[in-house]
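Trainee: This is what each chain is made of:
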Amino acid sequence: MKKIINDPSTVVTESLRGLAAAHADLVRVREDPAVVIRADAPVSGKVAVISGGGSGHEPLHSGFVGRGMLDAAVPGAVFTSPTPDAVQAAVEATTGEAGALLIVKNYTGDVLNFETAGELAAADGLDVRSVVIDDDVAVADSTYTAGRRGVGGTVLLEKIAGAAAERGDSLDVVETLARQVIGQVRSIGVALAAPTVPHVGTPSFDLGADEIEFGIGIHGEPGRERIKAEPAEALVTRMLDAVVEDLPFADGDRVLLFTNSMGGTPPIELYLAHGIAERLLAERGITVARRLVGPYITSLEMQGISLTLLRLDDDLIELWDAPVHTPALRWGV
Amino acid sequence: MKKIINDPSTVVTESLRGLAAAHADLVRVREDPAVVIRADAPVSGKVAVISGGGSGHEPLHSGFVGRGMLDAAVPGAVFTSPTPDAVQAAVEATTGEAGALLIVKNYTGDVLNFETAGELAAADGLDVRSVVIDDDVAVADSTYTAGRRGVGGTVLLEKIAGAAAERGDSLDVVETLARQVIGQVRSIGVALAAPTVPHVGTPSFDLGADEIEFGIGIHGEPGRERIKAEPAEALVTRMLDAVVEDLPFADGDRVLLFTNSMGGTPPIELYLAHGIAERLLAERGITVARRLVGPYITSLEMQGISLTLLRLDDDLIELWDAPVHTPALRWGV
Amino acid sequence: MGCTAEDIAGALHAAAGVIAEHRIELIELDRAIGDGDHGENMNRGFTAIVSTLEDKVPDGPGAVLKLAATTLISKVGGAAGPLYGTAFLRAATSLGAVEEMDGPAVATALRAALEGVQARGKAVAGDKTMVDALIPAVAAAEAAVGETGADVTAVLAAAAAAAAKGAEDTVDMVARKGRASYLGERSAGHLDPGARSTALILGALAEAR
Amino acid sequence: MGCTAEDIAGALHAAAGVIAEHRIELIELDRAIGDGDHGENMNRGFTAIVSTLEDKVPDGPGAVLKLAATTLISKVGGAAGPLYGTAFLRAATSLGAVEEMDGPAVATALRAALEGVQARGKAVAGDKTMVDALIPAVAAAEAAVGETGADVTAVLAAAAAAAAKGAEDTVDMVARKGRASYLGERSAGHLDPGARSTALILGALAEAR
Ligand SMILES: Nc1ncnc2c1ncn2[C@@H]1O[C@H](COP(=O)(O)OP(=O)(O)O)[C@@H](O)[C@H]1O
Ligand SMILES: Nc1ncnc2c1ncn2[C@@H]1O[C@H](COP(=O)(O)OP(=O)(O)O)[C@@H](O)[C@H]1O
Ligand SMILES: [Mg+2]
Ligand SMILES: [Mg+2]
Ligand SMILES: [Mg+2]
Ligand SMILES: [Mg+2]
Numbered sequence: 001m002k003k004i005i006n007d008p009s010t011v012v013t014e015s016l017r018g019l020a021a022a023h024a025d026l027v028r029v030r031e032d033p034a035v036v037i038r039a040d041a042p043v044s045g046k047v048a049v050i051s052g053g054g055s056g057h058e059p060l061h062s063g064f065v066g067r068g069m070l071d072a073a074v075p076g077a078v079f080t081s082p083t084p085d086a087v088q089a090a091v092e093a094t095t096g097e098a099g100a101l102l103i104v105k106n107y108t109g110d111v112l113n114f115e116t117a118g119e120l121a122a123a124d125g126l127d128v129r130s131v132v133i134d135d136d137v138a139v140a141d142s143t144y145t146a147g148r149r150g151v152g153g154t155v156l157l158e159k160i161a162g163a164a165a166e167r168g169d170s171l172d173v174v175e176t177l178a179r180q181v182i183g184q185v186r187s188i189g190v191a192l193a194a195p196t197v198p199h200v201g202t203p204s205f206d207l208g209a210d211e212i213e214f215g216i217g218i219h220g221e222p223g224r225e226r227i228k229a230e231p232a233e234a235l236v237t238r239m240l241d242a243v244v245e246d247l248p249f250a251d252g253d254r255v256l257l258f259t260n261s262m263g264g265t266p267p268i269e270l271y272l273a274h275g276i277a278e279r280l281l282a283e284r285g286i287t288v289a290r291r292l293v294g295p296y297i298t299s300l301e302m303q304g305i306s307l308t309l310l311r312l313d314d315d316l317i318e319l320w321d322a323p324v325h326t327p328a329l330r331w332g333v
Numbered sequence: 001m002k003k004i005i006n007d008p009s010t011v012v013t014e015s016l017r018g019l020a021a022a023h024a025d026l027v028r029v030r031e032d033p034a035v036v037i038r039a040d041a042p043v044s045g046k047v048a049v050i051s052g053g054g055s056g057h058e059p060l061h062s063g064f065v066g067r068g069m070l071d072a073a074v075p076g077a078v079f080t081s082p083t084p085d086a087v088q089a090a091v092e093a094t095t096g097e098a099g100a101l102l103i104v105k106n107y108t109g110d111v112l113n114f115e116t117a118g119e120l121a122a123a124d125g126l127d128v129r130s131v132v133i134d135d136d137v138a139v140a141d142s143t144y145t146a147g148r149r150g151v152g153g154t155v156l157l158e159k160i161a162g163a164a165a166e167r168g169d170s171l172d173v174v175e176t177l178a179r180q181v182i183g184q185v186r187s188i189g190v191a192l193a194a195p196t197v198p199h200v201g202t203p204s205f206d207l208g209a210d211e212i213e214f215g216i217g218i219h220g221e222p223g224r225e226r227i228k229a230e231p232a233e234a235l236v237t238r239m240l241d242a243v244v245e246d247l248p249f250a251d252g253d254r255v256l257l258f259t260n261s262m263g264g265t266p267p268i269e270l271y272l273a274h275g276i277a278e279r280l281l282a283e284r285g286i287t288v289a290r291r292l293v294g295p296y297i298t299s300l301e302m303q304g305i306s307l308t309l310l311r312l313d314d315d316l317i318e319l320w321d322a323p324v325h326t327p328a329l330r331w332g333v
Numbered sequence: 001m002g003c004t005a006e007d008i009a010g011a012l013h014a015a016a017g018v019i020a021e022h023r024i025e026l027i028e029l030d031r032a033i034g035d036g037d038h039g040e041n042m043n044r045g046f047t048a049i050v051s052t053l054e055d056k057v058p059d060g061p062g063a064v065l066k067l068a069a070t071t072l073i074s075k076v077g078g079a080a081g082p083l084y085g086t087a088f089l090r091a092a093t094s095l096g097a098v099e100e101m102d103g104p105a106v107a108t109a110l111r112a113a114l115e116g117v118q119a120r121g122k123a124v125a126g127d128k129t130m131v132d133a134l135i136p137a138v139a140a141a142e143a144a145v146g147e148t149g150a151d152v153t154a155v156l157a158a159a160a161a162a163a164a165k166g167a168e169d170t171v172d173m174v175a176r177k178g179r180a181s182y183l184g185e186r187s188a189g190h191l192d193p194g195a196r197s198t199a200l201i202l203g204a205l206a207e208a209r
Numbered sequence: 001m002g003c004t005a006e007d008i009a010g011a012l013h014a015a016a017g018v019i020a021e022h023r024i025e026l027i028e029l030d031r032a033i034g035d036g037d038h039g040e041n042m043n044r045g046f047t048a049i050v051s052t053l054e055d056k057v058p059d060g061p062g063a064v065l066k067l068a069a070t071t072l073i074s075k076v077g078g079a080a081g082p083l084y085g086t087a088f089l090r091a092a093t094s095l096g097a098v099e100e101m102d103g104p105a106v107a108t109a110l111r112a113a114l115e116g117v118q119a120r121g122k123a124v125a126g127d128k129t130m131v132d133a134l135i136p137a138v139a140a141a142e143a144a145v146g147e148t149g150a151d152v153t154a155v156l157a158a159a160a161a162a163a164a165k166g167a168e169d170t171v172d173m174v175a176r177k178g179r180a181s182y183l184g185e186r187s188a189g190h191l192d193p194g195a196r197s198t199a200l201i202l203g204a205l206a207e208a209r
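If you're matching them up, the sequences are chains A, B, C and D in order.
The first sequence begins at 1 in the UniProt record's numbering and counts up by one.
The second sequence begins at 1 in the UniProt record's numbering and counts up by one.
The third sequence begins at 1 in the UniProt record's numbering and counts up by one.
The fourth sequence begins at 1 in the UniProt record's numbering and counts up by one.
Bound-form chain A, shown alone (with noise of 0.2 Å):
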């Protein structure tokens, strides 16, 4: 293993600090436990939007912190969900009268954790609720899984939430809005090469030279199935149909389509694949209304994509327009 770190253990921390030193203007960082903290927080009367879980998801979740986003994030061990001692720290020092909503993504440790940490906010006499993600189609949605794994659409639901705080939305009205985008939000991903966690030294996991984990996780977890490497053209056929035929999608249908880079496929790549999915889409009467290219949220260098479609309506269109200034996110500011 090769990675630009001193040392496994302070990988979370240096690189915090390094995030605070460059967007000093945008969020402040406390250490032990990690939180990300919005630069003016805790905003006076507004729902504070919270989300977190293990890092190495990149920009995913401290890159969204600011303005029309989140108000914190907190961020775990590489790819270990945080402690609810971390999450409580979020919680007070963003968390006024108006309440917070802890966005959560499906897996039983995130789960567990910011449950833990939702009991302690009410115990203070909070109204923090939280709202589960979990928009990963290729797991199956039974009860001999834990259920489906919280992906892509989570960067489309923080900004959404986060939009719908900003513009002084109440908590009941941030939460069906949270639900809404959690009920019409599907996501599938692959990985062509497996990450390096720095602890571990090793890859995840080993991948044959003519091999494509289809419905990889994000944490290097294998996905559901292996299939042999194939033409772009087909992969990403295969990809948005698993997609497309969950919901489903239809005939009509306004979308965002969001075309993630799991951090190791570059643009090319990327934009390559994005080409090939819009076309699939107005192919299938499905309009494309709004669209995000780039390595939103990531599994260290893994090398695949996810595809992350999100049914519209005006209101949700308004929302993911409303400005935005975070690290990684930023338009209209």
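It should be emphasised that the hints constitute simulated quantities derived from the structure, not laboratory data.
Possibly wrong hints are sitting among the right ones.
Said to hold, decoys possible - Here are the simulated lysine to aspartate or glutamate pairs, EDC-like style, with alpha carbons at most 16 Å apart:
#1 Lys228(A) x Glu211(A)
#2 Lys2(A) x Glu115(B)
#3 Lys66(C) x Glu99(C)
#4 Lys66(D) x Asp7(D)
#5 Lys2(A) x Glu230(B)
#6 Lys56(C) x Glu21(C)
#7 Lys2(A) x Glu233(B)
#8 Lys66(C) x Glu6(C)
#9 Lys228(B) x Asp210(B)
#10 Lys228(B) x Glu211(B)
#11 Lys2(A) x Asp210(B)
#12 Lys122(C) x Glu115(A)
#13 Lys2(B) x Asp32(A)
#14 Lys2(B) x Asp206(A)
#15 Lys2(A) x Asp206(B)
#16 Lys66(C) x Asp7(C)
#17 Lys122(D) x Asp210(B)
#18 Lys2(B) x Glu211(A)
#19 Lys56(D) x Asp7(D)
#20 Lys228(B) x Asp253(B)
#21 Lys66(D) x Glu99(D)
#22 Lys2(B) x Asp210(A)
#23 Lys2(B) x Glu230(A)
Computed from a predicted model, the values in this text were never measured in an experiment.
Starting from the known structure of chain A, arrange chains B, C and D with the ligands on it as the hints suggest.
Mentor: Chains B, C and D with the ligands only, in chain A's frame:
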């Protein structure tokens, strides 16, 4: 090699189609020869700022086309400078009375092809000038080399020249500012793992498990020296020393610090390196007045980073802060 | 003779040593069917327990276990943090304010731990989780109490042996809870990392007696 | 007997075949001391020449070479595109409007090509570039003209053999021009890809006679 492509020979074209689909509000794309043009070009009365080079360094240059930056980008084949007729097409689509500035990275191929294009433009009676950026301190600037390479400084140059043109500066002024930037920007890069060019199919160079290529270029050209892998603190110190002592940058200077990922190095490592660089500069009495952190000039999926320092004055700061709206860089809009 | 607070602190120290020794093994087990952090997570938690206990050992076995619980909750994260945290917390609560922990108390504490893990994580026998090490451990501990009465050592030894066996039995299971469940049938043929760490911890506690 | 436009078109066709055959070799040479695209670039250019000539072969050797030149300039890119483009352009110009190219004309065209490459690229002998294949090729062609008079085949054969030798000699050189120069001393021990492609092209032209 595993890549999300259909055919190595159509990668660039197919990728540009995705770019056009994703950012139709910002750019339009012409194929054969491939040119990415600002959507509202030609902007009447404005100096056109044009750059280009081999593909595989995205978002450079095509991701920087739009308001406040480039009027056109000319993407060659992967790692291969574009041909004169492609540059000529970019000039034709963007350039009027006010003339154009061509930003050329100092590589033999780029210089020769843009030179020919410039001659063709002059023959058409257009006022087209070129500046050649050569900010890479890894290469000795002597008669024994092709001269220093154009690397990270290119991004900053494109932003600043683009902002000057956008505010209505004449070609004389834009050219003078560009030469000023070139005079006071310096960079160095390192690689931890090689990229793979689609039509080659094997990594561009072979690095041992404990080796780092110090002074790497952005085309996977081997660097100047191979060093043993070392902790981030030592590596960033070594890189910054090389950059600071070259110009030299001195106590009291205000600088823009650009910490760039070569593609495969994830944000967690990049911000870690950035934090170290900020601290080391503070120790030298150099004020980091502006910063840019991210993968902005890459080498496909190469793992590594580069550090760029630009000495700032008030005018350069104003130009840096000016609104920009492109696929990859956006603020103030 | 029962265990004092000091004994339990010592046993946790021993458990921390065993976890550190098996850190890579647990990482590798988790790498195969999870995300590769279990060894790192557990090691971080137990290292923290040791350094907390170095400052001061609280009064009474229950207080020591409670301190271990809160340390695990605030240092481990992931799925294992809250689950092991709950296990230690419930065990601590079951002890109340006793000065020494005897054999029956061990069995009671283990059952409380199991119930806590199941309350939090909803896993049942056969789901390929730490529960599959804990269920046989509790049964064996209770049986040992029935046979040997108050002997802490024997109760812990029985629990540890049963946990080890229970962990081994997870190999053939298809995961239905936790990250390994995403793999479906592909999760079979691998030892569950959490079951393995449960067996390691119980083994260390038994040895320390 | 001299070469007609058709002969030259045929020879370029043959050169395209040789370049295609050696595409990977040229890529590998460039991968070692450059950026690995030389084989791809040259192959793209010569493939384009062939398909342009399939449409229509222009009148006269000069016109054919000029068409090859503009095709290379607009299809190859990189350093090789403008350099080879200039070489072919200058060679074409040196021929003027002759109907057939004889031995002396070949030597003149080669010298014009060399001068063009040097005017554009500023490389001198020993810089480890295509110039190191061209210089001996021109010298050998001119010597052959002195000995054998007007025989195109002999002139081309002499040039090709000298170019091959010249290319080989680049192995020991330290690059001072082009991308390989960034390597400094580390560029020694490798064959220059552009010198190799020059030798391959001249070899193919000579064979095609
Ligand atoms: N719902 C659950 N109930 C009981 N144990 C569980 C549950 N989910 C996961 N586990 C246990 O947690 C272990 C994984 O822990 P760890 O790797 O530290 O957390 P994470 O899965 O969040 O990375 C699994 O091996 C399993 O034994
Ligand atoms: N200044 C120069 N003069 C002559 N030949 C040169 C010069 N620079 C480079 N070359 C030739 O070009 C070859 C490289 O061509 P190519 O790989 O296609 O372009 P690039 O270096 O732009 O990738 C070198 O091997 C060398 O022979
Ligand atoms: Mg984990
Ligand atoms: Mg090249
Ligand atoms: Mg794990
Ligand atoms: Mg090359």
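Trainee: Each of the hints needs a verdict: does it hold here or not?
Mentor: Comparing the hints with the structure gives:
For the given pair, lysine 228(A) sits about 5 Å from glutamate 211(A) by alpha-carbon distance, which is consistent with the 16 Å threshold. Under the criterion of a C-alpha separation no larger than 16 Å, the hint pairing lysine 2(A) with glutamate 115(B) is inconsistent with the structure, at around 40 Å. Simply put, lysine 66(C) and glutamate 99(C) have alpha-carbon atoms about 14 Å apart, close enough for the 16 Å limit, and the pair holds. Straight-line distance between C-alpha atoms of lysine 66(D) and aspartate 7(D) comes to about 15 Å, which keeps the hinted pair within the 16 Å bound.
Between lysine 2(A) and glutamate 230(B), the direct Cα distance comes to roughly 9 Å. Compliance with the 16 Å bound is thereby established for this hinted pair. In summary, the hint linking lysine 56(C) to glutamate 21(C) is not supported, as the alpha carbons are separated by about 25 Å, beyond the 16 Å threshold. Between lysine 2(A) and glutamate 233(B), the direct Cα distance comes to roughly 14 Å. Compliance with the 16 Å bound is thereby established for this hinted pair. Between lysine 66(C) and glutamate 6(C) the alpha-carbon distance is near 14 Å, which keeps this suggested pair within the 16 Å criterion.
Among the hinted pairs, lysine 228(B) with aspartate 210(B) is consistent with the structure: their alpha-carbon atoms are about 6 Å apart, no more than 16 Å. Between the alpha carbons of lysine 228(B) and glutamate 211(B) the distance comes to roughly 5 Å, so the proposed pair stays at or under 16 Å and holds. Of the pairs offered as hints, the one joining lysine 2(A) and aspartate 210(B) holds, with about 7 Å between alpha carbons and a cut-off of 16 Å not exceeded. Of the supplied pair hints, the one linking lysine 122(C) and glutamate 115(A) holds, its CA atoms being roughly 14 Å apart against a limit of 16 Å.
The suggested pairing of lysine 2(B) with aspartate 32(A) is violated, with an alpha-carbon distance near 40 Å, which exceeds 16 Å. Restraint check: the Cα-Cα separation between lysine 2(B) and aspartate 206(A) comes to about 14 Å, which is no more than 16 Å; the hinted pair holds. Distance check on the hinted pair: lysine 2(A) and aspartate 206(B) sit about 14 Å apart at the alpha-carbon level, within 16 Å; holds. In summary, the hint linking lysine 66(C) to aspartate 7(C) is supported, as the alpha carbons are separated by about 15 Å, within the 16 Å threshold.
For the hint linking lysine 122(D) to aspartate 210(B), the alpha-carbon distance of about 39 Å lies beyond 16 Å, and the restraint is violated. A threshold of 16 Å between alpha carbons decides the hint, and for lysine 2(B) with glutamate 211(A) the separation of about 8 Å falls inside it, so the pair holds. At most 16 Å may separate the alpha-carbon atoms for a hinted pair to count; lysine 56(D) and aspartate 7(D) meet this at roughly 14 Å. Between lysine 228(B) and aspartate 253(B), the direct Cα distance comes to roughly 32 Å. Violation of the 16 Å bound is thereby established for this hinted pair.
Among the hinted pairs, lysine 66(D) with glutamate 99(D) is consistent with the structure: their alpha-carbon atoms are about 14 Å apart, no more than 16 Å. At most 16 Å may separate the alpha-carbon atoms for a hinted pair to count; lysine 2(B) and aspartate 210(A) meet this at roughly 7 Å. The straight-line distance between the Cα atoms of lysine 2(B) and glutamate 230(A) is roughly 9 Å, inside the 16 Å bound, and the hint therefore holds.
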